[in-house]
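As given, the protein sequences belong to chains G and U, one line each in that order. Residue 522 in the UniProt record's numbering sits at position 522 of the first sequence, with consecutive numbering throughout. Residue 50 in the UniProt record's numbering sits at position 50 of the second sequence, with consecutive numbering throughout.
Worth flagging that the hints you see were computed from the coordinates, not collected in a lab. Backbone N, C-alpha and C define an ideal beta-carbon position, used for all residues, glycine too. There's no promise every hint is true.
To be verified - Some chain G residues close to chain U (C-beta under 10 Å, calculated; not the full set):
(1) L210
(2) K215
(3) A246
(4) M274
(5) M275
(6) V326
(7) A333
(8) G340
(9) A341
(10) G342
(11) V345
(12) F348
(13) F349
What the hints assert, rightly or not - Derived DEER-like restraints, expressed as beta-carbon distance ranges:
(14) I33/G with A60/U: 48 to 56 Å
(15) F39/U with P390/G: 54 to 62 Å
(16) F365/G with V33/U: 55 to 63 Å
Claimed, not checked - If you want the ones that stay clear, here's a sample from chain U, every Cβ over 10 Å from chain G, calculated:
(17) R20
(18) S21
(19) A36
(20) S38
(21) A40
(22) P51
(23) M53
(24) F69
(25) V74
(26) I88
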Amino acid sequence: MPAALKQFTDTYLMWNEGYLIWISDILIALTSIGIVATLTYFKKWKWLWKEWLTSVDHKRIGIMYLIAALLMMFRGGADAMLLRTQLASPNSHFLTAEHYDQIFTTHGTIMILFMAMPMIFAMFNIVVPLQIGARDVAFPYLNAISFWLFFFGAMLFNISFVFGGSPDAGWVSYPPLTELGFDKGPGENFYLLSLQISGIGSIATGINFLATILKMRAPGMKLMRMPLFTWSVVAASIVIIFAFPALTIALALLMLDRIVGTHFFTMLHGGDPMMFVNLFWIWGHPEVYIVVLPAFGVFSEVVATFARKRIFGYTSMVASLLLISVISYFVWAHHFFTMGAGADVNTFFAVASMMVAIPTGVKVFNWLFTMFRGRISFELPMLWTLAFVPNFIIGGATGVMLAVAPADYQYHNSYFLIAHFHQVLIAGPVFGLIAGMYFWWPKMFGFKLDEKIGRIAFWLFNIGFYVCFMPQYALGFKGMQRRMYTYPAGMGWHTLNLISTIGAYIMGLGFLFIVVQIVYSIKYGERDLTGDPWNGRTLEWSLPSPAPHYNFAVIPTVTDRDMLWVMKQEGREGELRRINPDAIADIHMPKNSGRPFLMGLAFFVAGFGFVFNWYVLAVIGLVGVALTMILRAFEWDDEYHILAEEVREVEAALGRL
Amino acid sequence: MSTSTDKLTQGNGPSHAKHRSGQYVLGYLLSLVLTAISFALALTHAMHVAPLMIVMTILAGFQIVVQLFFFMHVTEGDGPPYHSLALILGLIFTFAIALMSVWIMGFGSQVS
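Looking at chain U on its own, in the form it has when it is part of the complex (with noise of 0.2 Å):
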């Protein structure tokens, strides 16, 4: 087998030597944290809904980094740099569709 399994095998090898399991524990934690916060924020009404809106869309952009480098590596990596296309393009379907659902629904604010 080509890439996929000689990776497997290499399993507690050199190219996988650098992910301490520190690394792990540190972007679970900060990613509980992190969900933590937007839980007591939406639970306790600590803020306004627009203002909370914000903060909470904030956190997850937070969310999404702390996925991208703790977990899924995105800085490593060889070959062409296929991934950075990949989530350039996820960001824009990702806003794109964000945004435009904002402006499709936001129909109701004139029906009622």
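Extracted from the complex, chain G is given alone in its bound form (with noise of 0.2 Å):
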């Protein structure tokens, strides 16, 4: 092989560190070949473009989302079980310590996010239109923009695994270790470009949907009037508007600090480096919030829906939501107690964190409350619904036991925080959006996911995160800390570390189980025929499945709370689900773009250009992103309206009128 080309393929392709690259790099190839090959064989090349890719439809956008969700899930859970396998048992050579560094830090990263965030936004925007009776979000150009910001971030992100390397500092990414005098790699400015990009996108979303649902809900729904599916995402929006500028903010100095050579977060010229970690932590403690609070939103609709009843104390759950929401901007110090910020400070945000669990029990009670004495049935969104109780309810207490301070100093960056977090963040979030998953299922794609398959995943994937994440605990008070790539034998680790690992292998089992659900039930899956597979109390169960693409031919009046539910009581829900012809007027829809896709891409370039510093490759991005933007601003021809007739015929075909 020529030398140079030699030291490309080590410096970039990193060909030189072993068979995991190499297989990737196959897989990969072999994945993308196959992808082209299926496109250009079906001819579907131009059905990719025209129906998805410019799409600006919010149903479209929220499958892409999911279906990027699920892949960065196994992305992510495959590094985890790289990391369980090298950690099962002492002295193990499977990683070498770089080699771990990096897979933890990808493993956080991805699944916080990459997989968390898109599969809220998958909710968002699958759910929240349909149920306020709206016919797409206030913003639907942004909201595919949002859509491809995070999509091609997100593969910037991934692409650092076979080119130029892996970020390596954690996904807390603390300076003064990611400054360039520590961490010279390209991997850190992977990390950094890839959030910053995905993260104008996520911001973009929670002004979209806050908009959406204050400004565009259906005559008749008053606030108090909404579900509480709705009611979570307006407390995440919240959320997410205030407190992803700090991470940009976070993100865009100590870019500043690597490549412009500024010194906000060094030792030197008065830098603090704990500034980095004050400011990563007032976005990074509301956002496990923004992940956690959409799925409180998943199980009070499953809850009401399969006990048969409205839910309990509905008023106290649209305040423990907002409450849960302010509260989540006064505990961020609690991640860094042993900074040593002082007795006052910590006792603060300790007191400030134990509240939270105060709004978070009314929340579970008011679920207990609403199963009790109703008429159970368990299919499997309210499976996972019961399984994340008693999980969540181990989680928040040892939550509770990590927010005394000066316990904290023993716990801190030990496997009992791992557990803890691990512990709340899949219980509430994975839980949750599995339930959801599951429970919206059939109005994504007009079948049910087979139940029996189901219910095998249900259980490894539950047994399965016990195994795991029970023994973690006592290894942390046994003394093991986060992030060792490996441990001496005779600290009696072992056993636990084993077990762990198991589990984490039951968990993957479980996950496989899904996708075969998945795979299995496109063919012979349950077809949902009226719509409203699970007797549904609110607004997007009145529609077909799936729903047509202007989601409402004519927008209903809203006159309850669980509106579907009290028509049916009443023997009137006909009224939603037969349309009155003449009632049917010409639907003005957004025109679809392939301008948002390419500004994703243009973001991609710009930001691989800054990664490795190559400034034309920047700034063609860049360039790129202003065109798409101006292109817009000179565009007034953008929406079209469908006629009255075309409505009507569609209708007609699906037995409506």
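Hints given; two lone chains; assemble the complex.
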């Protein structure tokens, strides 16, 4: 091999680093070839572009978010398997220290920012407009931009594994370790730029959905008549809007440190690395509430639907959602109690952190009281909701333990912490969003996911969860610290680590069963012909599955909370399911546009340029971004009408006239 | 479509007619001038650090006001005044986060 080529493959493709990279290269190549070949063979390129990549339809965007989130869950899960394999036995050499660092960094970043975030955005997109009786979100074009910024941000982050090298300073990326002097590699730049790009999209989504919910509800749907999932989106959007700017600032300043040579977070020239920690957690703590609040919303919908009862304590549910979103801003310092800010600071943040348990407890009791004397049926969404309750209670209780500042000096950065946050983040967002996925899957695709395979997946994932994480509490007490790539024999950690690894494999198996379930159900899943497979309570279940792309032929008028359920009780749900042909008018819709996709691509190019300090490429990308914005500014003809006649035909074909 | 695109169609219509481009140019110039003043003060070390911080904070406050009035049309709009609520909430969060950060990060003066 010529020397220049060898240098390229060693520097950028990292072919000298061993078989993990080679396997990934081969898998990526095969997958790409497979996708291209399939699309070409079935002549689907045009379909892909016209129906999906350029779509501004919230339902399509939601489905794309969901697919991306599941793929990222696979990537993050594969990382977790590698980490647990490494830790299964003492003195293991399965991974080197450098690789272990990279893998726990990508595991954390992907799971929070590229799995949990798109998963909640998938639910926002698919459910909110249908629940509030709207035809799309307030800014459909911006919604598409949000998705493509997330998508290309995630691509930029993931490509680091096989091109240039992964980030390796943890998902929190603290300086001074992440300053140029200690971390030369492009990995850290990948982290900073990909988070920055997808962060813009997240802020836009927060604004979009707050505007949608405040401005576009169906007539008569007062705020206190909104379904609780929609309320949870309000709470999460408020947190997104006010929290994400702190992350943007922290990342931007760190990037300036690395690229321009400023001294915001260095130890020299008046910089202070702890300021990054402070800024990061001003975003970081609200972030975990951003991902858990929509899960709470899903549980509220699922519990009411499958207990066949109105939710207990609706007003207190709304109040506790909003209270959590406000308290979430006053707890961030509990992530660095050990910095030594002093007893007064630690006391304030310890008490504030414990207070979060109050509104959360209110919610748990309300779910339990809703189930009390309900006619509960144990279908998949309800199973995951029931599993959430005990799981989240343990996670919450250990959270209160961690919130005790003096005790935190003992738990800090130990496996006790690892077990705690996995427990709340898996029981909350993961169980919640899987429940939500099962619940609204028929609404998205028109068929149910197979119950039998789903139950196997449920039990594997749940049992695996406890087997994996309960030993980690004990490991924490036995002194095992997070981010250790290996440990000597004779520490008494081996057995517990081995059990934990077995649990992780069981969870992985559970995830594979979900994949099998989806694939099986595409062909054999029970078709949802009524549009209301669960005997639902809210407006989205009055529509056919999947909903026509204008959603409501006639926007319904809302007079009650749980509108559909109330109408069912009064025997007049037909009013929502039988449309009066004369009431149908022309429907005003936004046009599809390829520009959001191209804008995301331009951001990707710019980000890639900055990662390697290839400024020509960066400028080309930024010019592309500017161009797409300018072209949008001069676009007047970006909407069209679906004629009433056309709507009548679609509705007639659905048997709704 | 309801609200959002209805407004889009009226891009040249009555509801947007009152936004003369002059207003945007004025706002743009004001924000540029405010930015230039802060940069100049910082680069020339025109004052001591403490008064400089105060002046910069005040300039930043003006910048927010300019953005809100000239570009975000905070005084306009119909329906319930959600935006005032959001602004108040934003102010509370901003002040809480800024002041509490000063409080938390003040530890450096004791340690070093």
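Results for each hint:
1. L210: 8 Å, holds
2. K215: 5 Å, holds
3. A246: 7 Å, holds
4. M274: Holds. Min distance 7 Å.
5. M275: 6 Å, holds
6. V326: 8 Å, holds
7. A333: 5 Å, holds
8. G340: 6 Å, holds
9. A341: At about 4 Å, which falls below the 10 Å cut-off, the nearest Cβ of chain U leaves the hint on A341/G intact, so it holds.
10. G342: 6 Å, holds
11. V345: 5 Å, holds
12. F348: 8 Å, holds
13. F349: Holds, about 8 Å.
14. I33/G with A60/U: 48 to 56 Å: Cβ of I33/G to Cβ of A60/U: about 53 Å, so the range 48 to 56 Å holds.
15. F39/U with P390/G: 54 to 62 Å: 57 Å, holds
16. F365/G with V33/U: 55 to 63 Å: 56 Å, holds
17. R20: 17 Å, holds
18. S21: 13 Å, holds
19. A36: 20 Å, holds
20. S38: It holds; S38/U is separated from chain G by about 16 Å at its closest Cβ, greater than 10 Å.
21. A40: Given a closest Cβ separation of 19 Å, the condition holds.
22. P51: 17 Å, holds
23. M53: 13 Å, holds
24. F69: Fine: 19 Å to the nearest Cβ keeps F69/U off the interface.
25. V74: 15 Å, holds
26. I88: 12 Å, holds
The structure shown violates none of the earlier numbered hints.
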